[in-house]
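J.: Sequence:
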Amino acid sequence: MKKKYLFLVLTLIYSITLSFSQKTTPSAGELLLNLKKLNTLGSVLYIAAHPDDENTRMISYFANEACMRTAYLSLTRGDGGQNLIGPEKAEKMGLIRTQELLEARKKDGGIQFFSRANDFGYSKHPDETLKIWGKDEVLSDVVWIIRKFRPDVIITRFSPNSAGQTHGHHTSSAMLALEAFSMSGDKNAFPEQLEHVDTWQADRIYWNTSWWFYGRRDFDKTGLTMVDVGEFNTLLGKNYGEIAGSSRSMHKSQGFGASESKGSIEEYLDPIDGKEAPENVLEGINTNWSRVDKGEKVSEHIQLAIEQFDPENPASIVRHLISARQALANLKDDFWKEIKYEQINELILDCMGFTIEALCDGYVYAPGDSVSFNLEAINRSKGDLVISNISLLNNGYSENLNLVLKYNQLEQKQLNFKIPTDAEISNPYWLKQDHEYGLYNVEDQRLIGLPETPPFMQLKVVLKMGDTELEKIIPFNYRWVDRVKGELYRDMVIAPPVSINFLEKTLVFNKGAKKNLKVSIKAFKDNVEAKVKFEIPEGWTVNPKELNLSFPEKGNTRIVDLEISPGSSSINGTIKAFAEIEGRSYQRSFEEIDYDHIKHINYFPKAIMPLVSIDLQRKGDLLAYIKGAGDDVPEALMQMGYQIEFLDENALIQSDLSKYDAIILGVRAFNTQTWLYEAHETLMKYVYEGGNLILQYNTSRGLNFEKMGPYKFELGRDRVTVEEAKINIKVQDHPILNTPNKIDDRDFENWVQERGLYFASSWDENYVAPFESMDPGEEPTKGMLITAKYGKGYYTYTGISFFRQLPAGVPGAYRLFANLISLGK
Numbered sequence: 001m002k003k004k005y006l007f008l009v010l011t012l013i014y015s016i017t018l019s020f021s022q023k024t025t026p027s028a029g030e031l032l033l034n035l036k037k038l039n040t041l042g043s044v045l046y047i048a049a050h051p052d053d054e055n056t057r058m059i060s061y062f063a064n065e066a067c068m069r070t071a072y073l074s075l076t077r078g079d080g081g082q083n084l085i086g087p088e089k090a091e092k093m094g095l096i097r098t099q100e101l102l103e104a105r106k107k108d109g110g111i112q113f114f115s116r117a118n119d120f121g122y123s124k125h126p127d128e129t130l131k132i133w134g135k136d137e138v139l140s141d142v143v144w145i146i147r148k149f150r151p152d153v154i155i156t157r158f159s160p161n162s163a164g165q166t167h168g169h170h171t172s173s174a175m176l177a178l179e180a181f182s183m184s185g186d187k188n189a190f191p192e193q194l195e196h197v198d199t200w201q202a203d204r205i206y207w208n209t210s211w212w213f214y215g216r217r218d219f220d221k222t223g224l225t226m227v228d229v230g231e232f233n234t235l236l237g238k239n240y241g242e243i244a245g246s247s248r249s250m251h252k253s254q255g256f257g258a259s260e261s262k263g264s265i266e267e268y269l270d271p272i273d274g275k276e277a278p279e280n281v282l283e284g285i286n287t288n289w290s291r292v293d294k295g296e297k298v299s300e301h302i303q304l305a306i307e308q309f310d311p312e313n314p315a316s317i318v319r320h321l322i323s324a325r326q327a328l329a330n331l332k333d334d335f336w337k338e339i340k341y342e343q344i345n346e347l348i349l350d351c352m353g354f355t356i357e358a359l360c361d362g363y364v365y366a367p368g369d370s371v372s373f374n375l376e377a378i379n380r381s382k383g384d385l386v387i388s389n390i391s392l393l394n395n396g397y398s399e400n401l402n403l404v405l406k407y408n409q410l411e412q413k414q415l416n417f418k419i420p421t422d423a424e425i426s427n428p429y430w431l432k433q434d435h436e437y438g439l440y441n442v443e444d445q446r447l448i449g450l451p452e453t454p455p456f457m458q459l460k461v462v463l464k465m466g467d468t469e470l471e472k473i474i475p476f477n478y479r480w481v482d483r484v485k486g487e488l489y490r491d492m493v494i495a496p497p498v499s500i501n502f503l504e505k506t507l508v509f510n511k512g513a514k515k516n517l518k519v520s521i522k523a524f525k526d527n528v529e530a531k532v533k534f535e536i537p538e539g540w541t542v543n544p545k546e547l548n549l550s551f552p553e554k555g556n557t558r559i560v561d562l563e564i565s566p567g568s569s570s571i572n573g574t575i576k577a578f579a580e581i582e583g584r585s586y587q588r589s590f591e592e593i594d595y596d597h598i599k600h601i602n603y604f605p606k607a608i609m610p611l612v613s614i615d616l617q618r619k620g621d622l623l624a625y626i627k628g629a630g631d632d633v634p635e636a637l638m639q640m641g642y643q644i645e646f647l648d649e650n651a652l653i654q655s656d657l658s659k660y661d662a663i664i665l666g667v668r669a670f671n672t673q674t675w676l677y678e679a680h681e682t683l684m685k686y687v688y689e690g691g692n693l694i695l696q697y698n699t700s701r702g703l704n705f706e707k708m709g710p711y712k713f714e715l716g717r718d719r720v721t722v723e724e725a726k727i728n729i730k731v732q733d734h735p736i737l738n739t740p741n742k743i744d745d746r747d748f749e750n751w752v753q754e755r756g757l758y759f760a761s762s763w764d765e766n767y768v769a770p771f772e773s774m775d776p777g778e779e780p781t782k783g784m785l786i787t788a789k790y791g792k793g794y795y796t797y798t799g800i801s802f803f804r805q806l807p808a809g810v811p812g813a814y815r816l817f818a819n820l821i822s823l824g825k
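Under this note's numbering, the first residue of the sequence shown carries the number 1, and numbering increases by one thereafter.
None of these hints come from the bench; they were simulated from the model. None of the values given here were measured: they were computed from a predicted structure. Think of the CB as a built atom: it goes at the ideal place given N, C-alpha and C, for glycine as much as any other residue. Just so you know, not all the hints are guaranteed correct.
Pairs of lysine-lysine, DSS-like flavour, derived with a Cα cap of 27 Å [said to hold, decoys possible]:
#1 Lys518 - Lys554
#2 Lys297 - Lys252
#3 Lys472 - Lys413
#4 Lys554 - Lys515
#5 Lys221 - Lys275
#6 Lys332 - Lys464
#7 Lys36 - Lys294
#8 Lys726 - Lys106
#9 Lys37 - Lys294
#10 Lys297 - Lys37
#11 Lys418 - Lys382
#12 Lys418 - Lys472
#13 Lys627 - Lys712
#14 Lys518 - Lys464
#15 Lys707 - Lys792
#16 Lys554 - Lys432
#17 Lys545 - Lys576
#18 Lys533 - Lys515
#19 Lys518 - Lys505
#20 Lys238 - Lys252
For each label pair, taking beta carbons as the anchor points, the in silico distance ranges come out as [to be verified]:
#21 Arg319 - Glu436: 51 to 59 Å
#22 Asn441 - Pro191: 20 to 28 Å
#23 Lys789 - Thr541: 39 to 47 Å
#24 Ser27 - Leu622: 54 to 62 Å
#25 Ser290 - Pro191: 27 to 35 Å
#26 Val768 - Pro544: 31 to 39 Å
#27 Ser27 - Asp648: 39 to 47 Å
#28 Ser568 - Glu529: 44 to 52 Å
#29 Ser520 - Tyr407: 47 to 55 Å
#30 His597 - Thr541: 42 to 50 Å
#31 Gln201 - Asp422: 36 to 44 Å
#32 Val768 - Ser569: 21 to 29 Å
#33 Glu195 - Asp648: 52 to 60 Å
With the hints as constraints, model all of the structure from the sequences given.
T.: See below:
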């Protein structure tokens, strides 16, 4: 077997199975569907830009009705998007959306891929997108996935001719797909890839068009191919609209819960390039075993298995699957041979009701640790099944078990192994190294495209059924029971011996001030002796600069206090922490992300935190904050010296609002806290009597603009995406520009990702718009901040992205926000 195809199969296994710790045994209907998929040879690749761009109805249809290997290539991981369910942004947002896509694929039956492109935020034109991403690099990734996956048909979500009409990432995804369609078959294009894969030419490429691209449901369908994706699958008990709805609803961080549509659903495909197929997307594509030399013999046995399948005794067809497996061994087509070999192995074990788990006594270990695990296996058929041998990948551990699995008897065996001292830390492969603004840095070509990093520690299990030998690779997990949620799993994690976490996201200093910073240092190994050092920018001082710490037991945590102060000429930068242990230096913190709809996420970013010294004046002291979709603005305000009290619906009604110097509503507050409409009169009374209310950005869909401010205003979708875009000050004498901080062009330097989003599109004449800005080549937009005097107080709506700028430590954003809070004082 060629090494390139072994690698290919393993990467596809990772993309399908390792997205979730526990694989359940398929039902009888799912087993029969998998038999039909085993008897089908063909692949469809759907390509778009972001998590949520994919058409889950099309993926579900091709995966479960046409029984094709169907994958979604999302060029980005959604890192630049907003988060409806929590405060995570940037790389953390990408980690969440990666898992949401994997959960979506489990619903619709697809496979998930990614390129190295970073979602750097909204882009208005593909020229900008491709410049920031690096066109050649992302194009090479698309070619790589096509060569690795070998699709017969490629489908794009967006048109390659839509520049300036939609998100620049969207158009770029289609442009790159079209270019890669031709290049993937050219041996002179990215020849370094051919060490691992062969060239491949898909038959055709389509644009999955829709009425909403045209703005009308009766659009011209001439030349389009229609696919009814609303067919009912009796084996799954759902139609593809229902499956697609449950799949799309996994994009919970974006608030994309979807209905599960029943009945006929027409989708349209516009041919872009390739062989003509006027009647059927798969026209002329051989999707049966005659596609492979001598493949008909394999098909004969699979067909017998389908015809004789007994839902009450699936194990009765195992003999046919073993015969198919034997016939498969004689094929010369390594690509399909290895893919179908893996499918047959899984089906044989699934038909026997076989499951196996390697369950550790914990979930976090360090290199060099000993691991005790319990091997649990069960055979729910009456056929012979023996666990012959187990061995570790990336380790020399191997053990002959000869463990006989009797009918419906759970067999357990306690075993031990040692993690190698050179074991890799469990970090997402695309986050292991520093990366450019538009592109993640991945040195290992073989990893590009995978949704996750393959676990360093995996168990290879060798099973015997008479003369037949099967191999199965399983991960190590930790399992426990929650009294409310029931049985839960976590992946085994390999951690550094010590992690160092700064207990602030950013430390902000007024000129000349000192601050204390708490640092949490945690051991993931017994008997650790660590020298912890802190590195700071020029002109700063930190005390102590280094510490010698002992950790007798794994899990021990030390909280240490640092005193940090900027000098008169200090340079803003970052504080970095390092732990020196047994001659090695570790610079890692420990982050966890836990939501019920995705698996638990652990990763180890660098131990680093921004230090910002600002000439900052402020008025007022006590603020109320009403949370929206989740942001880090309250923490930033506390860094500025404000006291914060959080208000919910009951607290708002019962509190004396007059004590607050300002009430601030978090990002997307009206999108998520619908009770705010009922509180309109209370909030406006607070403003009228001298209060100061600041509303941060909301998305425009579904808002009741009559109950958001003292005077009517409406929100659009205007935004300024270039973070260096010129800010023109239109009302020079407005207090927002002058009190207590004098705002000038320097305050708009070094912003991140964007200037702002969801600006006001129209507003009552009582509002004042002190700023205007625009992206290159566009007319100025004036609604990024509007403010009005109402009674004795002030009301402000701002689409300026303070929720990004403040955690990033942008000095001018702090000074401007302090001025907003100081209005009327």
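J.: Taking the hints in turn, state whether each one holds.
T.: Verification of the hints:
1. Taken as a hint, the Lys518 and Lys554 pair is honoured in the structure, with Cα atoms around 21 Å apart against an allowance of 27 Å.
2. Distance restraint check for Lys297 and Lys252: the Cα-Cα separation of roughly 46 Å exceeds the 27 Å cut-off, and the hinted pair is therefore not satisfied.
3. Our distance criterion of 27 Å between C-alpha atoms is met by Lys472 and Lys413, whose separation comes to about 17 Å.
4. Proximity of Lys554 to Lys515 is assessed by CA-CA distance (about 31 Å); at most 27 Å being required, the pair is judged violated.
5. In summary, the hint linking Lys221 to Lys275 is supported, as the alpha carbons are separated by about 20 Å, within the 27 Å threshold.
6. Straight-line distance between C-alpha atoms of Lys332 and Lys464 comes to about 25 Å, which keeps the hinted pair within the 27 Å bound.
7. With a C-alpha separation of about 19 Å, the suggested pair Lys36 and Lys294 falls inside the 27 Å cut-off, and the hint holds.
8. With a C-alpha separation of about 45 Å, the suggested pair Lys726 and Lys106 falls outside the 27 Å cut-off, and the hint is violated.
9. For the given pair, Lys37 sits about 19 Å from Lys294 by alpha-carbon distance, which is consistent with the 27 Å threshold.
10. About 17 Å separates the Cα atoms of Lys297 and Lys37, which keeps this hinted pair within 27 Å; it holds.
11. Taking the CA atoms of Lys418 and Lys382, the gap is about 35 Å. The hint is violated against a cut of 27 Å.
12. Proposed proximity of Lys418 and Lys472 is supported: the alpha carbons are some 21 Å apart, at most 27 Å.
13. At most 27 Å may separate the alpha-carbon atoms for a hinted pair to count; Lys627 and Lys712 meet this at roughly 23 Å.
14. The suggested pairing of Lys518 with Lys464 is violated, with an alpha-carbon distance near 56 Å, which exceeds 27 Å.
15. For the proposed pair Lys707 and Lys792, the alpha carbon gap of about 20 Å is at most 27 Å, so the pair holds.
16. Only pairs whose Cα atoms come within 27 Å are accepted, and Lys554 paired with Lys432 is accepted, the gap being roughly 24 Å.
17. Under the criterion of a C-alpha separation no larger than 27 Å, the hint pairing Lys545 with Lys576 is consistent with the structure, at around 11 Å.
18. This hinted pair checks out: Lys533 and Lys515 have alpha carbons roughly 18 Å apart, not beyond 27 Å.
19. In summary, the hint linking Lys518 to Lys505 is supported, as the alpha carbons are separated by about 11 Å, within the 27 Å threshold.
20. Proposed proximity of Lys238 and Lys252 is supported: the alpha carbons are some 22 Å apart, at most 27 Å.
21. For the hinted restraint 51 to 59 Å between Arg319 and Glu436, the CB-CB distance of approximately 55 Å keeps it satisfied.
22. A hinted range of 20 to 28 Å for the beta carbons of Asn441 and Pro191 is consistent with their spacing of about 22 Å.
23. Range check, Lys789 to Thr541: Cβ separation about 45 Å, and the 39 to 47 Å hint holds.
24. In this structure, Ser27 and Leu622 meet the distance hint of 54 to 62 Å, their C-beta atoms being roughly 58 Å apart.
25. Separation of Ser290 from Pro191 is about 32 Å and conforms to the stated range, judged on CB atoms against 27 to 35 Å.
26. Range check, Val768 to Pro544: about 50 Å between beta-carbon atoms, so the 31 to 39 Å window is missed.
27. The supplied range of 39 to 47 Å is met by Ser27 and Asp648, whose beta-carbon atoms lie about 43 Å from each other.
28. Look at Ser568 against Glu529: about 38 Å separates their beta carbons, and that is not inside 44 to 52 Å.
29. For the hinted restraint 47 to 55 Å between Ser520 and Tyr407, the CB-CB distance of approximately 51 Å keeps it satisfied.
30. With their beta carbons about 45 Å apart, His597 and Thr541 fall inside the hinted range of 42 to 50 Å.
31. Roughly 41 Å separates the CB atoms of Gln201 and Asp422, a value that falls within the hinted 36 to 44 Å.
32. The supplied range of 21 to 29 Å is broken by Val768 and Ser569, whose beta-carbon atoms lie about 38 Å from each other.
33. Between Glu195 and Asp648 the Cβ separation comes to about 58 Å, which falls inside the hinted range of 52 to 60 Å.
Hint check: violations occur at hints 2, 4, 8, 11, 14, 26, 28, 32; the rest are consistent with the structure.
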